[in-house]
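Given the coordinates of chain A, work out where chain B should sit on it, guided by the hints.
These are the residues of each chain, in order.
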Amino acid sequence: MTLVSLAAKNVLRNKFRAVLTVMGVAVAVLTFMMLRTIISAWTSGADYAAKDRVVTRNKITFVMPLPKRYVDQVKATPHVKTVTYSNWFGGKDPKHDREFFAAFAVDHTTYFLVYDDMDVPKDQMDVFQHDPQGAIVGDLLAKKMGWKVGDKVTLTSGIFAREGDWEFHIDGIYTSKSKAIDRSSFMFRWDYLANDPNVQRRQQGQDANVGWIVSRVDNPKASADVSVALDKAFADQEIQTESQDEHAFNASFLASFSAVLSAIDIISVVILAIMALILGNTIAMGVRERTNEYGVLRAIGFTGGHLAGFVLGESALLAGVGGAVGIAIAYPFINLGMGKWLEENMGNFFPNFSVEPNVTTSAIIASLVLGVGAAAIPAYRASTLKVVDALRRVA
Amino acid sequence: MTEETIPAGADADKKKTEAKTEEKSEEKSEAKAKADEKKADEKSGDAPYRARPEQPLISLKGVSKSYERGGETLKVLQNLDLDIAKGSFEALMGPSGSGKSTLLNLLAGLDKPTSGTIEIAGKRLEQLGDSALARWRADTVGFIFQSYNLLPVLTAVENVELPLLLTKVASSDRRKRAQTALRVVGLEDRMSHYPRQLSGGQEQRVAIARAIVNDPALIVADEPTGDLDRQAADDILDLLEKLNKELGKTIIMVTHDPAAAERATVQLRLDKGALR
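Line by line, the protein sequences give chains A and B. For the first sequence, the positions run 1 to 395 when the working numbering is used. For the second sequence, the positions run 1 to 276 when the working numbering is used.
A hint or two may mislead.
Said to hold, decoys possible - Under the rule of at most 16 Å between Cα atoms (straight-line distance), these lysine to aspartate or glutamate pairs were calculated in the EDC-like manner: (1) K177/A <-> D139/A; (2) K112/B <-> E167/A; (3) K51/A <-> D165/A; (4) K386/A <-> D130/B; (5) K95/A <-> D151/A; (6) K152/A <-> E167/A; (7) K81/A <-> D225/A; (8) K386/A <-> D215/B; (9) K86/B <-> D215/B.
Simulated from the structure, these hints should not be mistaken for lab results.
The following block holds chain A by itself, in its conformation from the complex:
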């Protein structure tokens, strides 16, 4: 027997209570990790965004378009290698009315050069390049909707109405290893949209519009300079632009959700605080019940420091085991269960919903720190017990 095994035996003195406490800590840690993962998954688009892609949009708001002729001007800007453009389509599958996914009209010749982190098999890409009604969809979207290559898909658009529905051919399915890429998007050829009589009628013979322009620069460090140069070039034209690298663009998009993210952040901390209070209460109860035994230990020569060590060790052990159980549950629950579901169903918000190593590290540190912190007051009380008073206390 050692001092450590003596402390460990005390933890298991009331097995039912110990199990409940461990489970309470585990649930708190699991919830903490879930909330932290929501934040990290939500912001991962910005965190992992390519810094060599510059997004140019209408200065007023990104829902207002830009003239297509701007594309050539962007192309002529120093450091710009490749330029592409796209429009938000607002598409829905009438057969799956409630399923939301991002649908874009993209320039088929350049889009996948700028977004070269989207992997499309070459044979599928060849078909897409020659099919005016071709579409490339993300693997998660294809799985969710039950689409496969060669399928014909009909979508409706809340923005671009036409007589009859929009028909597309699923020519390819893209995948991606990049955490910034949403694998639930639907991309079809921009010329299919632009050549539609209804759309052309709406343009009334004016230059076509694009939703935004994305350019790939030759050096990520040049992104800021290119952004400034582009906005300066369009400053005296009828529509001004705002250009940012993809990281900044995504971050500014996320900023509009900052209140929600802050709320989740606060809730995750509150949950840990509740865990600490529950653990502190359990430990305090144990100390109160064992006052007489602490008196005996003090009488036979254990110091106040020994008792404080026992109490803190007991709490840290409960919190540590609870934390480990919580983390062990969190990985399969978040990565394989909830995360997969969110990636498939809310891929626009959570393109990559899995536990990040820093979330796990925070959970481990938080459980141990709060475990020790929760026992601080009971440990102090145990260490300062008067031996004579403690011995008088009936167990």
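Positioned in the frame of chain A, the structure of chain B alone reads:
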């Protein structure tokens, strides 16, 4: 349960009988104590109740202890002088509230006097800090409590091993010493039993083994037979006598039981905080 809520009837009658027996016994032992006191006075003219040992293990001089309770000062022990020889077995008796437990706590280094000096085995206890006093207790004192006070999560041998955790004795030797101590108290066949699996007498034997495992200079026992039946109490007293006579342990025992007190070589009587 408070004393007021103890049910009337058989229990109350039993209590009365016990009280009478105790009164009679106390009268008897009081008479014996007076006789002892007389003998002691005859041997040494200036000692209040008995002769001063030549080489006392314990020496109390002018010890007083008082507590603050509700703004009032409660004097429990008053100007006590006491010497206890090494190897003696002393019974400390007296009515409730006479200060027996307070004196025992002071002798065991669990509490400090309000004034006066306590010297035990060459150490002035009132001068030691809390941690130093804890170390001194670990080295010098073995405790036996009325309610045994074994840790329920530990087996008999682990309970006995407990004080050795504070020493530099190696882990394997600790276990051997604990087993030896249990053999001394006749519990070699109960080493792996938990306290709940032992009778009261056996639990007290384990407590005695725990008290002697460190080979302390002093054993303090607070009503060690108070929770036991007569047979078990006699067994425990036999054991204490053996520890005193065969192993030379100095034992101070608080008791209300005159039969237990008679086993001691010296009976001390406390009344209203003073030795009589």
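Going through the hints against the structure:
1. K177/A <-> D139/A: This hinted pair holds, its Cα atoms lying about 12 Å apart.
2. K112/B <-> E167/A: violated, 94 Å
3. K51/A <-> D165/A: violated, 37 Å
4. K386/A <-> D130/B: Judged against 16 Å, a Cα distance of about 10 Å means the pair holds.
5. K95/A <-> D151/A: Holds: K95/A and D151/A sit about 14 Å apart, inside 16 Å.
6. K152/A <-> E167/A: Holds, at about 7 Å.
7. K81/A <-> D225/A: Measuring from Cα to Cα gives roughly 14 Å; hence the hint holds.
8. K386/A <-> D215/B: violated, 26 Å
9. K86/B <-> D215/B: Status holds; Cα separation ~14 Å.
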